[in-house]
Amino acid sequence: KQEVTQIPAALSVPEGENLVLNCSFTDSAIYNLQWFRQDPGKGLTSLLLIQSSQREQTSGRLNASLDKSSGRSTLYIAASQPGDSATYLCAVIGGNTPLVFGKGTRLSVIA
Amino acid sequence: DAGVIQSPRHEVTEMGQEVTLRCKPISGHNSLFWYRQTMMRGLELLIYFNNNVPIDDSGMPEDRFSAKMPNASFSTLKIQPSEPRDSAVYFCASSPQDSLGYTFGSGTRLTVV
Chain A
1 KQEVTQIPAA LSVPEGENLV LNCSFTDSAI YNLQWFRQDP GKGLTSLLLI
51 QSSQREQTSG RLNASLDKSS GRSTLYIAAS QPGDSATYLC AVIGGNTPLV
101 FGKGTRLSVI A
Chain B
112 DAGVIQSPRH EVTEMGQEVT LRCKPISGHN SLFWYRQTMM RGLELLIYFN
162 NNVPIDDSGM PEDRFSAKMP NASFSTLKIQ PSEPRDSAVY FCASSPQDSL
212 GYTFGSGTRL TVV
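Just so you know, the protein sequences line up as chains A and B, in that order. Each residue of the first sequence is one higher than the one before, starting from 1 at the first, in the working numbering. Each residue of the second sequence is one higher than the one before, starting from 112 at the first, in the working numbering.
Just so you know, the hints here were simulated from the structure itself, not pulled from any lab data. All values reported here derive from a predicted model rather than from experimental measurement. Just so you know, even glycine gets a beta-carbon here, dropped at the ideal spot from N, CA and C. Heads up, a few of these hints could be off.
What the hints assert, rightly or not - Straight-line distance between alpha carbons at most 20 Å, and here's what the computed DMTMM-like set of lysine to aspartate or glutamate pairs gives:
id : chain 1 : residue 1 : chain 2 : residue 2
1  : A       : 42        : B       : 122
2  : A       : 42        : B       : 155
3  : A       : 1         : B       : 194
4  : A       : 42        : A       : 84
Stated by the list, open to error - Quick list of simulated restraints, FRET-style, between CB atoms:
id : chain 1 : residue 1 : chain 2 : residue 2 : range
5  : A       : 72        : B       : 191       : 39 to 49 Å
6  : A       : 11        : B       : 163       : 17 to 27 Å
7  : B       : 191       : A       : 108       : 35 to 45 Å
Could you build all of it, start to finish, from the sequences and the hints given here?
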């Protein structure tokens with residue numbers, strides 16, 4: 001059974017810092033990996049989708065990498081801003097298994 | 112496209128009452144998913160459909176939960192009778208058949224008192 005773990009569970013950084021959020025998964029036979037953002041009381045917004053044949057994806061200040069063999073992904077946020085404060089969720093799809101989520105990293109960027 | 116549309120946004124009901132949550136997926140998406148989010152357990156898959164057919168309902172917690180997808184543009188999740196422990200946010204999501212990314216609705220926040 002696929003399990004997704006995100007570390008740290010919570011993170012607080014001063015504005016302007018670069019930061020890395022970590023995600024690991026137990027079954028490396030995945031089709032793709034998706035990073036989401038969730039604001040308090042809101043739904044999930046897709047940030048980046050990495051297909052299994054890819055190693056990274058970039059969107060603006062965000063860069064996500066994927067290492068299938070080690071079962072790891074990282075989300076890099078450059079020059080963090082208070083507006084980046086949210087919970088970031090990592091999720092994987094594999095085999096016949098729909099999206100399996102980690103519990104998320106709650107990020108606070110302090111002005 | 113308006114995205115995945117869920118209704119209602121909020122639902123407060125008394126224990127024992129029937130609750131029906133609704134979802135309209137993105138047009139052209141062949142797969143639909145129902146998830147439940149709680150603080151303790153995070154996001155859990157309840158059931159999913161491919162081409163309107165239920166594929167895996169092993170995540171449905173009890174027989175009190177049922178889901179239907181009568182056509183490609185509509186799905187319901189029903190809880191009967193509801194219990195306080197069913198209080199959570201219920202999300203619907205859809206994806207193209209080739210699973211190139213999921214799009215989530217805004218969720219229904221259910222409170223059972």
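Among the hints numbered above, which are violated by the structure, and what are their numbers in rising order?
-> Result: hints 3, 6 break, sorted rising.
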